[in-house]
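Trainee: As a plain string of letters, each chain reads:
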Amino acid sequence: MRVHPCFLGAAAVLAALAVPATAQQVQVYQLPPGSYPHDVAPAPDGKIWYAAQKHGAIGIFDPKTGQSREVKLGPKSAPHGVIHGPDGAAWLTDGGQNAIVRFDPKTEEIKVWKLPEDTGYTNLNTAAFDRDGVHWFTGQNGIYGRLDPKSGEVKVFKAPKGRGPYGIASTPDGEVYYVSLAGSFLGKIDRATGETKVIEPPTPNQGARRVWSDSQGRLWVSEWNSGNLSMHDPKDGSWKTWKLPGEKPRTYAVYVDERDIVWTTDWGADAVVSFDPKTEKFASYPMSAKGANVRQILGRPGEVWFPESGTERLMVIRTGETQ
Amino acid sequence: MRAGLAIAAVCASSAVRAAGDPARGERVFQYCYSCHSVDPTETATLQGPSLVAIVGCRIAAEPGFEYSPALRAFAERHGRWSEDLLDRYITEPEKVVPQTTMAFPGIEEAGDRADLLAFLKTRAR
Chain X
107 MRVHPCFLGA AAVLAALAVP ATAQQVQVYQ LPPGSYPHDV APAPDGKIWY
157 AAQKHGAIGI FDPKTGQSRE VKLGPKSAPH GVIHGPDGAA WLTDGGQNAI
207 VRFDPKTEEI KVWKLPEDTG YTNLNTAAFD RDGVHWFTGQ NGIYGRLDPK
257 SGEVKVFKAP KGRGPYGIAS TPDGEVYYVS LAGSFLGKID RATGETKVIE
307 PPTPNQGARR VWSDSQGRLW VSEWNSGNLS MHDPKDGSWK TWKLPGEKPR
357 TYAVYVDERD IVWTTDWGAD AVVSFDPKTE KFASYPMSAK GANVRQILGR
407 PGEVWFPESG TERLMVIRTG ETQ
Chain P
2 MRAGLAIAAV CASSAVRAAG DPARGERVFQ YCYSCHSVDP TETATLQGPS
52 LVAIVGCRIA AEPGFEYSPA LRAFAERHGR WSEDLLDRYI TEPEKVVPQT
102 TMAFPGIEEA GDRADLLAFL KTRAR
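Chain order of the listed sequences is X and P.
All you need for my numbering is the position in the first sequence, starting with 1, plus 106.
All you need for my numbering is the position in the second sequence, starting with 1, plus 1.
Simulated from the structure, these hints should not be mistaken for lab results.
Be a bit skeptical, because a hint or two may be false.
Claimed, not checked - Distance ranges between label pairs, derived from CB positions:
no.	chain 1	residue 1	chain 2	residue 2	range
1	X	304	P	81	35 to 43 Å
2	P	81	X	342	31 to 39 Å
3	P	78	X	306	37 to 45 Å
Unchecked claim - Chain P stretches covered by chain X per the calculated footprint, using a threshold of three residues with CB under 8 Å from any CB of chain X:
no.	region
4	78-87
5	99-106
6	112-120
All C-beta atoms, glycine included, are put in the ideal place defined by N, C-alpha and C.
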């Protein structure tokens with residue numbers, strides 16, 4: 107199924123497009139020039155945070171007004187990822203500062219934890235919290251690490267197979283997994299020792315780019331090189347793999363919503379692609395323009411958000427009533 | 002007079018690059034390392050093309066690599082990666098090639114760029 111495209115205008119806030127066939131609604135919002143939203147995270151107050159990579163800032167977008175503003179994160183900042191922490195703050199993986207950055211939405215205080223000097227530049231990527239509130243992060247130059255927000259201690263580990271650690275996610279029971287894009291593996295972190303258990307997907311050299319967990323703790327992996335979406339069940343060690351529709355899919359981002367519908371982005375088709383594991387059917391939604399380059403997906407009940415780094419827009423698909 | 006000043010500026014720019022230190026440039030290359038290789042025997046599938054002998058090389062010319070439409074169009078206009086063009090590109094990639102898929106904000110310090118270019122020039126085939 108292919109849903110009608112959005113109609114774009116010059117207005118900062120673009121009109122909603124109803125899609126009766128699925129009772130879903132697509133909206134696209136233009137951000138300020140140069141904001142380059144790399145990743146996005148719904149904030150607890152209804153706003154949307156985005157990593158404004160080229161401005162070295164966190165962006166705060168209000169869907170009610172369509173207005174956004176940015177708060178600078180520090181000298182040389184270039185944030186890649188942003189997530190909503192268990193403390194209600196935004197946590198950013200800031201490649202430019204080679205640091206983890208916390209933004210308090212109430213006081214707007216910025217706190218920076220630099221990686222140890224001897225680590226060198228790590229190309230920090232993405233982060234996730236485990237069940238004990240420890241912050242785990244990846245660095246594409248071949249590291250992953252942990253920050254204990256209580257003590258401020260930062261530890262960095264060398265990743266198996268060197269460069270490549272990219273997406274990272276926690277399961278409902280608070281375990282942490284990451285994927286390696288250049289290493290083409292899924293890894294489970296032993297939270298006590300920091301060691302990685304490598305789990306090889308069935309497709310060789312698949313380019314595992316991002317990972318997300320569903321409500322059952324199954325790991326969904328977007329495979330860039332192969333154009334596949336794959337699923338690993340840690341309970342029995344099994345894998346399932348599906349090729350995205352289209353001639354030459356390139357699966358970049360992955361996210362699983364509260365209904366266990368899986369969302370991916372396909373750069374080969376400039377499209378968002380959802381997948382229902384029960385029916386094993388895909389549905390495709392065009393991005394707002396060619397070259398929208400959505401690198402990550404995150405949502406909250408009733409909403410799935412897509413940062414379009416290539417067009418500097420935010421797109422949302424409303425799947426039901428926002429809670 | 003205006004032309005003379007322009008030539009002087011170009012010469013000054015070249016002088017800065019010529020002063021680049023390849024040893025320091027190898028450290029600057031860590032910005033590029035996750036996606037690019039300078040090893041002619043590299044076997045890993047990386048997200049960016051090889052940078053072996055990139056200075057003076059034709060733009061978007063690695064066989065089999067899927068360059069973005071933006072970079073392919075840029076290649077048609079500019080042909081080869083001169084030092085000056087590479088310097089401008091790594092300063093602010095999105096400004097020089099709008100809609101490039103390379104998610105890298107750029108290297109602000111001219112000295113770091115000079116060192117990086119000096120290092121890349123040592124990585125010939």
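Trainee: Indicate, hint by hint, whether the structure satisfies it.
Mentor: Hint-by-hint comparison with the structure:
1. A beta carbon spacing of about 41 Å between residue 304 of chain X and residue 81 of chain P agrees with the range 35 to 43 Å that was offered as a hint.
2. At roughly 54 Å, the beta-carbon separation of residue 81 of chain P and residue 342 of chain X lies outside the given 31 to 39 Å, and the hint is violated.
3. Checked against the hint of 37 to 45 Å, the pair residue 78 of chain P and residue 306 of chain X passes, with Cβ atoms roughly 43 Å apart.
4. Coverage of the region 78-87 of chain P by chain X is violated [criterion: at least 3 residues with CB-CB distance below 8 Å; count 0].
5. Under the rule that three or more residues need a Cβ within less than 8 Å of chain X, the assignment of the region 99-106 of chain P holds, with 4 such residues.
6. Counting residues of the region 112-120 of chain P whose beta-carbon sits less than 8 Å from any beta-carbon of chain X gives 0, not enough to reach three: the coverage restraint is violated.
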